[in-house]
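Asker: Sequence:
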Amino acid sequence: MNTKKGVIGILTGGGDVPGLNPAIRAVTIRASREGYQVIGIRRGWAGLVDIVREKDADNSNNFQVLTEEVVNRAGRTGGTFLHTSRTNPSRVKRDRLPLALQEKYTDD
1 MNTKKGVIGI LTGGGDVPGL NPAIRAVTIR ASREGYQVIG IRRGWAGLVD IVREKDADNS
61 NNFQVLTEEV VNRAGRTGGT FLHTSRTNPS RVKRDRLPLA LQEKYTDD
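Numbering (the numbering used here), first residue to last: 1 to 108.
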């Protein structure tokens, strides 16, 4: 989808709570209607940490393009269809970071 306004990413971190899927659905529908593309990050912060930033890399386990059709199927279920993890981004070891972020890593 070509978009004029930009891309919005949705990430659910921490544990499951009621209402996440309806919230994801509402944000996706509104953003899509306003001209944004919406990407769901799978498995919370772990999904971002595990992305391989290479042109031909298969990152399909890490993200999902969200459309009204996708979120309408999941909007009435509990938890989060994007899944979540307990990965704390401030405690990720340097060797697990994407290469592009490793140079910014500090050991303080």
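Rather than coming from a laboratory, the hints here were simulated on the basis of the structure.
All C-beta atoms in this analysis are idealised placements derived from N, C-alpha and C, irrespective of residue type, glycine included.
Don't take each hint at face value.
As the list claims (entries may be wrong) - Quick list of simulated restraints, FRET-style, between CB atoms:
id, residue 1, residue 2, range
1, P22, K55, 32 to 40 angstroms
2, N72, E103, 38 to 46 angstroms
3, V17, S90, 19 to 27 angstroms
4, V17, P89, 25 to 33 angstroms
5, V17, N72, 15 to 23 angstroms
6, A57, V17, 15 to 23 angstroms
7, E69, G19, 18 to 26 angstroms
8, R33, E103, 37 to 45 angstroms
9, E54, K93, 38 to 46 angstroms
10, N59, N88, 27 to 35 angstroms
Unchecked claim - Here are the computed lysine to any residue pairs in the SDA-like style, where the Cα-Cα straight-line distance is at most 20 angstroms:
id, residue 1, residue 2
11, K55, I39
12, K93, V7
13, K5, G19
14, K93, Q64
15, K55, E68
16, K5, G35
17, K4, V65
18, K4, I51
19, K5, K93
20, K55, K93
21, K4, I29
22, K5, R33
23, K5, D95
24, K5, V27
25, K4, Y36
26, K4, A23
27, K93, T67
28, K4, E34
29, K93, I51
30, K55, Q102
31, K4, Q37
32, K4, V27
33, K5, I29
34, K5, Q102
35, K93, G13
36, K5, Q37
Asker: Look at each hint and say if it fits the structure.
Answerer: Going down the list of hints, with the structure as the test:
Range check, P22 to K55: about 36 angstroms between beta-carbon atoms, so the 32 to 40 angstroms window is met. A beta carbon spacing of about 41 angstroms between N72 and E103 agrees with the range 38 to 46 angstroms that was offered as a hint. In this structure the supplied range 19 to 27 angstroms holds for V17 paired with S90, their Cβ-Cβ distance being about 21 angstroms. Between V17 and P89 the CB atoms are about 19 angstroms apart, so this pair departs from the stated range of 25 to 33 angstroms.
Here the CB-CB span from V17 to N72 is close to 21 angstroms, well matched to the stated 15 to 23 angstroms. The supplied range of 15 to 23 angstroms is broken by A57 and V17, whose beta-carbon atoms lie about 31 angstroms from each other. Under the hint 18 to 26 angstroms, the C-beta atoms of E69 and G19, about 21 angstroms apart, fit the expected range. Restraint check, R33 to E103: a C-beta distance of roughly 39 angstroms satisfies the suggested window 37 to 45 angstroms.
At about 21 angstroms, the CB distance of E54 to K93 disagrees with the hint of 38 to 46 angstroms. In this structure, N59 and N88 break the distance hint of 27 to 35 angstroms, their C-beta atoms being roughly 21 angstroms apart. For the suggested pair K55 and I39, the alpha carbons sit about 18 angstroms apart, so the restraint of at most 20 angstroms is met. Proximity of K93 to V7 is assessed by CA-CA distance (about 28 angstroms); at most 20 angstroms being required, the pair is judged violated.
A threshold of 20 angstroms between alpha carbons decides the hint, and for K5 with G19 the separation of about 27 angstroms lies outside it, so the pair is violated. Restraint check: the Cα-Cα separation between K93 and Q64 comes to about 25 angstroms, which exceeds 20 angstroms; the hinted pair is violated. Of the pairs offered as hints, the one joining K55 and E68 is violated, with about 27 angstroms between alpha carbons and a cut-off of 20 angstroms exceeded. For the hint pairing K5 with G35, the CA-to-CA distance comes to about 6 angstroms; that is within 20 angstroms, so the pair holds.
As the CA atoms of K4 and V65 are separated by approximately 16 angstroms, the hinted pair is consistent with the 20 angstroms bound. Annotation: proposed proximity of K4 to I51 is violated, straight-line Cα distance about 25 angstroms (limit 20 angstroms). About 34 angstroms separates the Cα atoms of K5 and K93, which puts this hinted pair outside 20 angstroms; it is violated. Restraint check: the Cα-Cα separation between K55 and K93 comes to about 24 angstroms, which exceeds 20 angstroms; the hinted pair is violated.
At most 20 angstroms may separate the alpha-carbon atoms for a hinted pair to count; K4 and I29 meet this at roughly 16 angstroms. Of the supplied pair hints, the one linking K5 and R33 holds, its CA atoms being roughly 11 angstroms apart against a limit of 20 angstroms. About 34 angstroms separates the Cα atoms of K5 and D95, which puts this hinted pair outside 20 angstroms; it is violated. Restraint check for K5 and V27: satisfied, since their Cα atoms lie roughly 15 angstroms apart, inside the 20 angstroms limit.
Proximity of K4 to Y36 is assessed by CA-CA distance (about 7 angstroms); at most 20 angstroms being required, the pair is judged to hold. With a CA separation close to 24 angstroms, the supplied pair K4 and A23 exceeds the 20 angstroms bound. A distance of roughly 34 angstroms separates the Cα atoms of K93 and T67; the hinted pair therefore is violated under the 20 angstroms criterion. For the given pair, K4 sits about 10 angstroms from E34 by alpha-carbon distance, which is consistent with the 20 angstroms threshold.
A distance of roughly 15 angstroms separates the Cα atoms of K93 and I51; the hinted pair therefore holds under the 20 angstroms criterion. For the suggested pair K55 and Q102, the alpha carbons sit about 19 angstroms apart, so the restraint of at most 20 angstroms is met. Annotation: proposed proximity of K4 to Q37 holds, straight-line Cα distance about 9 angstroms (limit 20 angstroms). The hinted pair formed by K4 and V27 meets the criterion: a straight-line CA distance of about 18 angstroms does not exceed 20 angstroms.
At most 20 angstroms may separate the alpha-carbon atoms for a hinted pair to count; K5 and I29 meet this at roughly 15 angstroms. Only pairs whose Cα atoms come within 20 angstroms are accepted, and K5 paired with Q102 is rejected, the gap being roughly 30 angstroms. For the suggested pair K93 and G13, the alpha carbons sit about 18 angstroms apart, so the restraint of at most 20 angstroms is met. A distance of roughly 8 angstroms separates the Cα atoms of K5 and Q37; the hinted pair therefore holds under the 20 angstroms criterion.
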